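A.B. asks: Work the whole structure out from these sequences, hints included.
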Amino acid sequence: MKDLIKSKESRLWMLASAIFVLVACFLRFVLLDNKPIHFDESINMWFVKRIWEEGFFTYDPTNYHGPLYFYLVHMIQIFTGYDFLSTRWVASIFSVLTLVILWWGPVAQRRAFRWAAVFLLISPAMAFYGRSGIHESTFVFFQVLGFLAFHYWAAGDFKKFWWTFVASMLGMMALKETFVILMIAFVPAAGLAWLLNRKSFRWSTEYGKLKETLLSEGVKTPLIFMLLLFVGLFTGFGGNPKGIVDFFVALMPWLKTGVNGAGHNKPFLHWAELMYKNEFAIVAGFVVALVFAFRSKWILFYATFALANFVIYSLIPYKTPWCIITILWPFAVLAGFGMKALLEHTSKSTVVESLKIGVLVGVAVLFSGGYSIIHKIQYNDPIDMDHPYVYVNSTYQMKEFISKIQSVVLKNPLLREKVIQIGAEESWPFPVVFYKFFTLKYEKYDVLTAPDGVLYIVDPKDQEFFESKLGERKNDFKNFLLETRQGRAKTLVYVQADLFGGLFSWPLSKIGEL
Numbered sequence: 001m002k003d004l005i006k007s008k009e010s011r012l013w014m015l016a017s018a019i020f021v022l023v024a025c026f027l028r029f030v031l032l033d034n035k036p037i038h039f040d041e042s043i044n045m046w047f048v049k050r051i052w053e054e055g056f057f058t059y060d061p062t063n064y065h066g067p068l069y070f071y072l073v074h075m076i077q078i079f080t081g082y083d084f085l086s087t088r089w090v091a092s093i094f095s096v097l098t099l100v101i102l103w104w105g106p107v108a109q110r111r112a113f114r115w116a117a118v119f120l121l122i123s124p125a126m127a128f129y130g131r132s133g134i135h136e137s138t139f140v141f142f143q144v145l146g147f148l149a150f151h152y153w154a155a156g157d158f159k160k161f162w163w164t165f166v167a168s169m170l171g172m173m174a175l176k177e178t179f180v181i182l183m184i185a186f187v188p189a190a191g192l193a194w195l196l197n198r199k200s201f202r203w204s205t206e207y208g209k210l211k212e213t214l215l216s217e218g219v220k221t222p223l224i225f226m227l228l229l230f231v232g233l234f235t236g237f238g239g240n241p242k243g244i245v246d247f248f249v250a251l252m253p254w255l256k257t258g259v260n261g262a263g264h265n266k267p268f269l270h271w272a273e274l275m276y277k278n279e280f281a282i283v284a285g286f287v288v289a290l291v292f293a294f295r296s297k298w299i300l301f302y303a304t305f306a307l308a309n310f311v312i313y314s315l316i317p318y319k320t321p322w323c324i325i326t327i328l329w330p331f332a333v334l335a336g337f338g339m340k341a342l343l344e345h346t347s348k349s350t351v352v353e354s355l356k357i358g359v360l361v362g363v364a365v366l367f368s369g370g371y372s373i374i375h376k377i378q379y380n381d382p383i384d385m386d387h388p389y390v391y392v393n394s395t396y397q398m399k400e401f402i403s404k405i406q407s408v409v410l411k412n413p414l415l416r417e418k419v420i421q422i423g424a425e426e427s428w429p430f431p432v433v434f435y436k437f438f439t440l441k442y443e444k445y446d447v448l449t450a451p452d453g454v455l456y457i458v459d460p461k462d463q464e465f466f467e468s469k470l471g472e473r474k475n476d477f478k479n480f481l482l483e484t485r486q487g488r489a490k491t492l493v494y495v496q497a498d499l500f501g502g503l504f505s506w507p508l509s510k511i512g513e514l
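Residue numbering for the sequence shown follows the working numbering, beginning at 1 and increasing consecutively.
Heads up, some of the hints might be wrong.
Said to hold, decoys possible - The calculated DSSO-like cross-link candidates involving lysine-lysine, where the alpha carbons are at most 30 Å apart (straight line), are:
{"no.": "1", "residue 1": "K220", "residue 2": "K160"}
{"no.": "2", "residue 1": "K399", "residue 2": "K469"}
{"no.": "3", "residue 1": "K474", "residue 2": "K444"}
{"no.": "4", "residue 1": "K404", "residue 2": "K444"}
{"no.": "5", "residue 1": "K199", "residue 2": "K160"}
{"no.": "6", "residue 1": "K411", "residue 2": "K399"}
{"no.": "7", "residue 1": "K399", "residue 2": "K461"}
{"no.": "8", "residue 1": "K356", "residue 2": "K277"}
{"no.": "9", "residue 1": "K478", "residue 2": "K510"}
{"no.": "10", "residue 1": "K490", "residue 2": "K49"}
{"no.": "11", "residue 1": "K399", "residue 2": "K319"}
These are calculated hints, taken from the structure and not from any lab test.
In this text, all values refer to a predicted model and were calculated from it rather than measured experimentally.
C.D. replies: Written out as structure tokens, the structure is:
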């Protein structure tokens with residue numbers, strides 16, 4: 001009878017796991033092109049473009065990002081072609097992988113991690129940025145992987161500890177210099193873990209087991225491969241040997257940016273406000289976890305890390321909203337442990353079923369609130385400029401402009417020989433979305449106005465000067481104002497009327513009418 005019950009439970013968990021993965025894939029992959037290109041996606045595409053041109057990535061310590069993400073996008077583009085959606089494919093893949101490694105996390109805490117995975121699945125920030133072509137979701141994957149390593153250590157699985165810990169550290173270091181913040185925040189959590197386990201923990205014994213496992217062939221060989229790959233990424237696999245040296249000098253430029261703010265200054269409570277207004281399910285789960293904090297060493301460990309991490313990020317003036325998922329995931333893990341503790345506590349009550357149903361109904365209400373935000377900013381209006389998660393994004397007008405211009409070239413490939421001049425101060429994302437389609441020139445118009453251009457990007461302040469440079473070609477062109485992206489003034493676009501007239505859903509003006 002017991003075997004029959006276990007078999008039934010196993011089948012139910014298999015079904016639940018399949019549903020979970022399908023929902024995760026749906027939320028991270030469906031309508032991936034729904035949102036217009038993001039400013040940082042275009043910058044990332046530029047670096048991938050250089051890999052295609054030069055054959056390797058040249059690491060620059062002032063860029064504040066390592067090479068791993070760009071190589072991953074480059075690999076995806078082998079299958080997708082040079083398309084900015086490739087940046088989102090990488091983000092979505094690693095966003096799903098984060099949920100998967102939590103769902104099938106260490107056995108001893110698997111129920112807590114499965115709750116954590118559900119909290120992250122329905123998190124508006126994780127859903128929104130987990131499908132945005134930036135580094136964050138990949139970065140979070142390696143952070144979560146690193147913390148799972150300590151659960152494997154606690155369970156005595158030293159092989160898995162070494163594999164996950166080293167992969168995590170190298171992955172984070174090859175992505176963003178902000179791995180330093182995680183390491184600093186980890187110090188008080190590690191100190192607390194030692195304090196809580198000081199009576200049973202014997203470092204000499206643990207060190208011996210760790211060393212013995214590290215030197216075994218099944219561990220040593222893959223770790224050496226990881227290290228060689230890490231060095232290869234930073235050195236351009238031999239094309240840029242000094243890249244590995246530059247990695248060690250990158251911290252100072254990054255610290256300067258963090259302290260100065262670089263135009264992204266936000267108040268100390270910025271992250272708290274974002275979480276309170278948008279991540280109420282995780283916040284509620286965190287509060288529940290605190291109630292049971294002294295019944296679980298893991299809750300104390302994650303609470304210490306989560307709060308330290310939160311305070312450090314809050315103290316840094318430079319705040320871009322996508323960093324919230326790096327702050328959020330440990331709170332989601334705490335929410336998972338809190339749910340596990342709460343359900344175990346209710347099972348001891350004399351009104352077990354009523355309490356459990358009440359808890360699950362409350363969770364469902366919180367999750368539905370989270371999903372309503374996901375639906376709004378992910379499917380209904382992905383560039384709702386009033387929502388704080390939407391930041392420096394291009395517009396639907398820009399999306400149509402890019403798509404229509406590219407479609408003309410696809411129908412008439414000979415137009416690739418024609419010139420587009422991008423003489424405006426705000427050039428992104430034009431250099432990456434048009435470079436495969438046209439011959440691009442970037443000179444300012446007071447230096448050179450290309451005599452054979454078919455499309456010109458112009459700052460409104462230069463309108464009169466540019467039109468004087470067109471001379472007799474004025475009658476061949478029409479213009480319009482293009483809203484490029486959030487927080488930027490509109491840009492003037494001049495198009496050759498016989499090629500692009502009647503192409504857009506908005507009217508074009510004759511020269512002198514606008």
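A.B. asks: Is the Cα-Cα distance between K399 and K461 30 Å or less?
C.D. replies: Since the Cα atoms of K399 and K461 sit roughly 24 Å apart, the hinted pair holds (cutoff 30 Å).
A.B. asks: Verify the proposed pairing of K404 with K444, using a straight-line Cα cut of 30 Å.
C.D. replies: holds, 25 Å
A.B. asks: Hey, K399 versus K319, does the alpha-carbon distance stay inside 30 Å?
C.D. replies: holds, 26 Å
A.B. asks: Compare the distance between the alpha carbons of K199 and K160 with 30 Å, and conclude whether the hinted pair is satisfied.
C.D. replies: This hinted pair holds, its Cα atoms lying about 25 Å apart.
A.B. asks: Assess, step by step, whether the Cα of K220 is no farther than 30 Å from the Cα of K160, and give holds or violated.
C.D. replies: Answer holds: K220 to K160 is near 12 Å, not above 30 Å.
A.B. asks: Is the Cα-Cα distance between K356 and K277 30 Å or less?
C.D. replies: holds, 27 Å
A.B. asks: For a C-alpha distance cap of 30 Å, please report whether K411 and K399 respect it.
C.D. replies: Holds. K411 to K399 sits at ~19 Å (cutoff 30 Å).
A.B. asks: Please work out if K474 and K444 have their alpha carbons no farther apart than 30 Å.
C.D. replies: Measuring from Cα to Cα gives roughly 19 Å; hence the hint holds.
A.B. asks: Check whether the Cα positions of K490 and K49 lie no farther apart than 30 Å.
C.D. replies: holds, 27 Å
A.B. asks: Holds or violated: are the alpha carbons of K478 and K510 at most 30 Å from each other?
C.D. replies: Cα-Cα ~5 Å, so holds.
A.B. asks: Is the straight-line distance between the alpha-carbon of K399 and that of K469 30 Å or less?
C.D. replies: holds, 29 Å
The structure is consistent with each of the numbered hints, conforming to all of them.
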